[in-house]
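Going down the list, the sequences are from chains V and S.
Under my numbering, read the first sequence as residues 1 to 24, first letter to last.
Under my numbering, read the second sequence as residues 1 to 90, first letter to last.
Since the hints were made in silico from the structure, they are not lab data.
These numbers were taken from a predicted model, which means no experiment stands behind them.
Incorrect hints may have been included.
Have a look at the derived ranges for each label pair, beta carbon to beta carbon [stated by the list, open to error]: (1) 20(V) x 51(S): 33 to 43 Å; (2) 16(V) x 51(S): 29 to 39 Å; (3) 16(V) x 56(S): 14 to 24 Å; (4) 77(S) x 7(V): 16 to 26 Å; (5) 55(S) x 21(V): 14 to 24 Å; (6) 55(S) x 17(V): 35 to 45 Å; (7) 2(S) x 22(V): 31 to 41 Å; (8) 8(V) x 84(S): 18 to 28 Å; (9) 20(V) x 12(S): 16 to 26 Å; (10) 48(S) x 24(V): 15 to 25 Å; (11) 16(V) x 47(S): 11 to 21 Å; (12) 21(V) x 22(S): 13 to 23 Å; (13) 8(V) x 83(S): 14 to 24 Å.
All C-beta atoms in this analysis are idealised placements derived from N, C-alpha and C, irrespective of residue type, glycine included.
The primary structure of each chain is shown beneath.
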Amino acid sequence: AERPVWHRPAYSILDVEAGTVTTS
Amino acid sequence: MTWHSEQITAAIDGEVIVMGMIRGQYVGLDDIGSVLWKLLEQPQTIRQLCDELGLRYQGNSDTILADVTAFLEDLRSIDLIEVVDAGSTR
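Pulled out of the complex, with its shape left as it was, chain S reads as follows (with noise of 0.2 Å):
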């Protein structure tokens, strides 16, 4: 997954708010959403954003993984990432 190609990105204060022009929404995240946002604007697998935030934060890697897939699912429906193929994720 990464950055949908029709959306604006802008750091205010370290937290990133992301317009979303196909649906015309600001979409503000908050310290976590922002770090992986930021991981996002390379192509990742699932796998490999769970793999870096559990380096980054102290947490529960089932917990991560639950989370994480929650929230890519939610920015994904509101057309703000994509899914590419294998090939491109690094």
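So here's chain V without its partners, still in its complex pose (with noise of 0.2 Å):
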């Protein structure tokens, strides 16, 4: 099996009492 492509990794980010989503 073939590895798979490298990417950049990702995230979000969910601020529960700044009611805010923050994504790379």
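Assembling the complex is the task here: the two chains are given apart, and the hints tell you how they should meet.
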């Protein structure tokens, strides 16, 4: 099996107190 | 670097959700972010992480190094990981 292609790690931050979602 | 002591990790469908208790934030990681996070359960240097990821993924080593470094800086800035003494890395 071929190795998967690298991509930059991504994340989402849910800030409950501020009520915001931030995506990388 | 390794996991911060003030966080809780859960895996859902292979992807990781981390709750940072210091800031009260929930952080969802994608597939590669989740792999990287699991590697950080034990203290690792950036070089060790990049070497391991280079074995698992097709990518330019310089690109992997830059992406991993930036990602770790982001995680550190929100108190999900912390720097430990070099003697703690395996």
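Quick rundown of the hints versus the structure:
1. 20(V) x 51(S): 33 to 43 Å: 36 Å, holds
2. 16(V) x 51(S): 29 to 39 Å: Check passed, 36 Å falls within 29 to 39 Å.
3. 16(V) x 56(S): 14 to 24 Å: 33 Å, violated
4. 77(S) x 7(V): 16 to 26 Å: 21 Å, holds
5. 55(S) x 21(V): 14 to 24 Å: Violated, at about 33 Å.
6. 55(S) x 17(V): 35 to 45 Å: Since the Cβ atoms of residue 55(S) and residue 17(V) sit about 40 Å apart, the hinted range of 35 to 45 Å holds.
7. 2(S) x 22(V): 31 to 41 Å: 24 Å, violated
8. 8(V) x 84(S): 18 to 28 Å: 25 Å, holds
9. 20(V) x 12(S): 16 to 26 Å: Cβ of residue 20(V) to Cβ of residue 12(S): about 21 Å, so the range 16 to 26 Å holds.
10. 48(S) x 24(V): 15 to 25 Å: Once the Cβ atoms are compared, 23 Å apart, the range 15 to 25 Å for residue 24(V) and residue 48(S) holds.
11. 16(V) x 47(S): 11 to 21 Å: 35 Å, violated
12. 21(V) x 22(S): 13 to 23 Å: Holds, since residue 21(V) and residue 22(S) (Cβ atoms, about 19 Å apart) stay within the stated range.
13. 8(V) x 83(S): 14 to 24 Å: Since residue 8(V) and residue 83(S) have Cβ atoms about 22 Å apart, the given range 14 to 24 Å holds.
Violation of the numbered hints given earlier is confined to hints 3, 5, 7 and 11; the remaining hints are satisfied by the structure.
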